[in-house]
Amino acid sequence: MKEMGVILTKANQAIQTLERYRAVFTQALTNLSALEFEELVTMHEVAYVLQRAEMVLRIKNEINRYVLELGNEGRLISMQMEELIGLADEEARLLIKDYAKDAGDDKVREIQHAFKKLSSEELLDNAHLFRLLGYPSISSVAEEGLHPRGYRMLSKIPRLPGVIIHNLVDRFGALPHIVVATIEELDEVDGIGEVRARAIKEGLKRIQEQVFIDRQI
Numbered sequence: 759m760k761e762m763g764v765i766l767t768k769a770n771q772a773i774q775t776l777e778r779y780r781a782v783f784t785q786a787l788t789n790l791s792a793l794e795f796e797e798l799v800t801m802h803e804v805a806y807v808l809q810r811a812e813m814v815l816r817i818k819n820e821i822n823r824y825v826l827e828l829g830n831e832g833r834l835i836s837m838q839m840e841e842l843i844g845l846a847d848e849e850a851r852l853l854i855k856d857y858a859k860d861a862g863d864d865k866v867r868e869i870q871h872a873f874k875k876l877s878s879e880e881l882l883d884n885a886h887l888f889r890l891l892g893y894p895s896i897s898s899v900a901e902e903g904l905h906p907r908g909y910r911m912l913s914k915i916p917r918l919p920g921v922i923i924h925n926l927v928d929r930f931g932a933l934p935h936i937v938v939a940t941i942e943e944l945d946e947v948d949g950i951g952e953v954r955a956r957a958i959k960e961g962l963k964r965i966q967e968q969v970f971i972d973r974q975i
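Residue numbers for the sequence shown, in this note's numbering: 759 to 975.
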């Protein structure tokens, strides 16, 4: 029983750490979203958010180990963890899909796996992160500029299927181009009619207004 109490204490401490890290990650995502709409994203912001995402997921793995050890006693801890984590896994995946040189699903999974294997020091090395994303050097990132493809932002629009999001990215190439596209231009994309085109325009506008309110300068 004493051993169980020690594990439970550690698990609760880990939950508190997760709560703090999740809040930092959420705010970092919001700040990045605002910069994406303003077309002011730099390597530093993308690396910062990716680092915070991986930290959250590592704490999740630590808590999962405690939950396994606790058995039935770990159910409450597990529920707290799931509530805090939310869609962090998916947010991290879409972030990589937005910024990796190759956005293919297999490549994105490979990058996610590579992130998990990084040491703490490697994770905090921006240049190392961007090499994993497919950029050979810092200068190559600066030369090309950083514009999200738009997968993460478009996924926030209700009832917008993945195939439509893919078609939009395939047609326009980057989020800024999708944002400024007219109703008529959106309507021309395969699978998008006028009603859905208007929903996309209005959805992106609402998201933009919200992130500008929520971001921290």
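One or more of the hints may lead you astray.
To be verified - Ranges between beta-carbon positions, derived for each pair:
1. His802 <-> Ser878: 37 to 47 Å
2. Asn830 <-> Asp948: 35 to 45 Å
3. Ile941 <-> Asn830: 51 to 61 Å
Unchecked claim - PhoX-like mimics (lysine-lysine), calculated; alpha carbons at most 25 Å apart, straight line:
4. Lys865 <-> Lys768
5. Lys963 <-> Lys914
6. Lys914 <-> Lys875
7. Lys875 <-> Lys768
8. Lys859 <-> Lys874
9. Lys959 <-> Lys818
10. Lys818 <-> Lys875
11. Lys959 <-> Lys914
12. Lys768 <-> Lys818
13. Lys874 <-> Lys818
14. Lys859 <-> Lys875
15. Lys865 <-> Lys875
16. Lys818 <-> Lys865
17. Lys914 <-> Lys859
It should be emphasised that the hints constitute simulated quantities derived from the structure, not laboratory data.
Glycine included, every Cβ here is placed at the ideal spot set by N, Cα and C.
Hint check:
At roughly 19 Å, the beta carbons of His802 and Ser878 sit outside the given window of 37 to 47 Å. The hinted window of 35 to 45 Å between Asn830 and Asp948 is violated, with their beta carbons roughly 51 Å apart. Separation of Ile941 from Asn830 is about 55 Å and conforms to the stated range, judged on CB atoms against 51 to 61 Å. Straight-line distance between C-alpha atoms of Lys865 and Lys768 comes to about 36 Å, which puts the hinted pair past the 25 Å bound.
A distance of roughly 12 Å separates the Cα atoms of Lys963 and Lys914; the hinted pair therefore holds under the 25 Å criterion. Only pairs whose Cα atoms come within 25 Å are accepted, and Lys914 paired with Lys875 is rejected, the gap being roughly 29 Å. A threshold of 25 Å between alpha carbons decides the hint, and for Lys875 with Lys768 the separation of about 24 Å falls inside it, so the pair holds. A hinted pair counts as satisfied when its Cα atoms are at most 25 Å apart, and Lys859 with Lys874 qualifies at roughly 19 Å.
About 36 Å separates the Cα atoms of Lys959 and Lys818, which puts this hinted pair outside 25 Å; it is violated. Taking the CA atoms of Lys818 and Lys875, the gap is near 15 Å; set against the 25 Å cutoff, the hint holds. As the CA atoms of Lys959 and Lys914 are separated by approximately 12 Å, the hinted pair is consistent with the 25 Å bound. Using a Cα cut-off of 25 Å, the hinted pair Lys768 and Lys818 holds, with the two alpha carbons roughly 13 Å apart.
For the hint pairing Lys874 with Lys818, the CA-to-CA distance comes to about 12 Å; that is within 25 Å, so the pair holds. For the suggested pair Lys859 and Lys875, the alpha carbons sit about 20 Å apart, so the restraint of at most 25 Å is met. Taken as a hint, the Lys865 and Lys875 pair is honoured in the structure, with Cα atoms around 16 Å apart against an allowance of 25 Å. For the hint pairing Lys818 with Lys865, the CA-to-CA distance comes to about 23 Å; that is within 25 Å, so the pair holds.
Distance restraint check for Lys914 and Lys859: the Cα-Cα separation of roughly 22 Å lies within the 25 Å cut-off, and the hinted pair is therefore satisfied.
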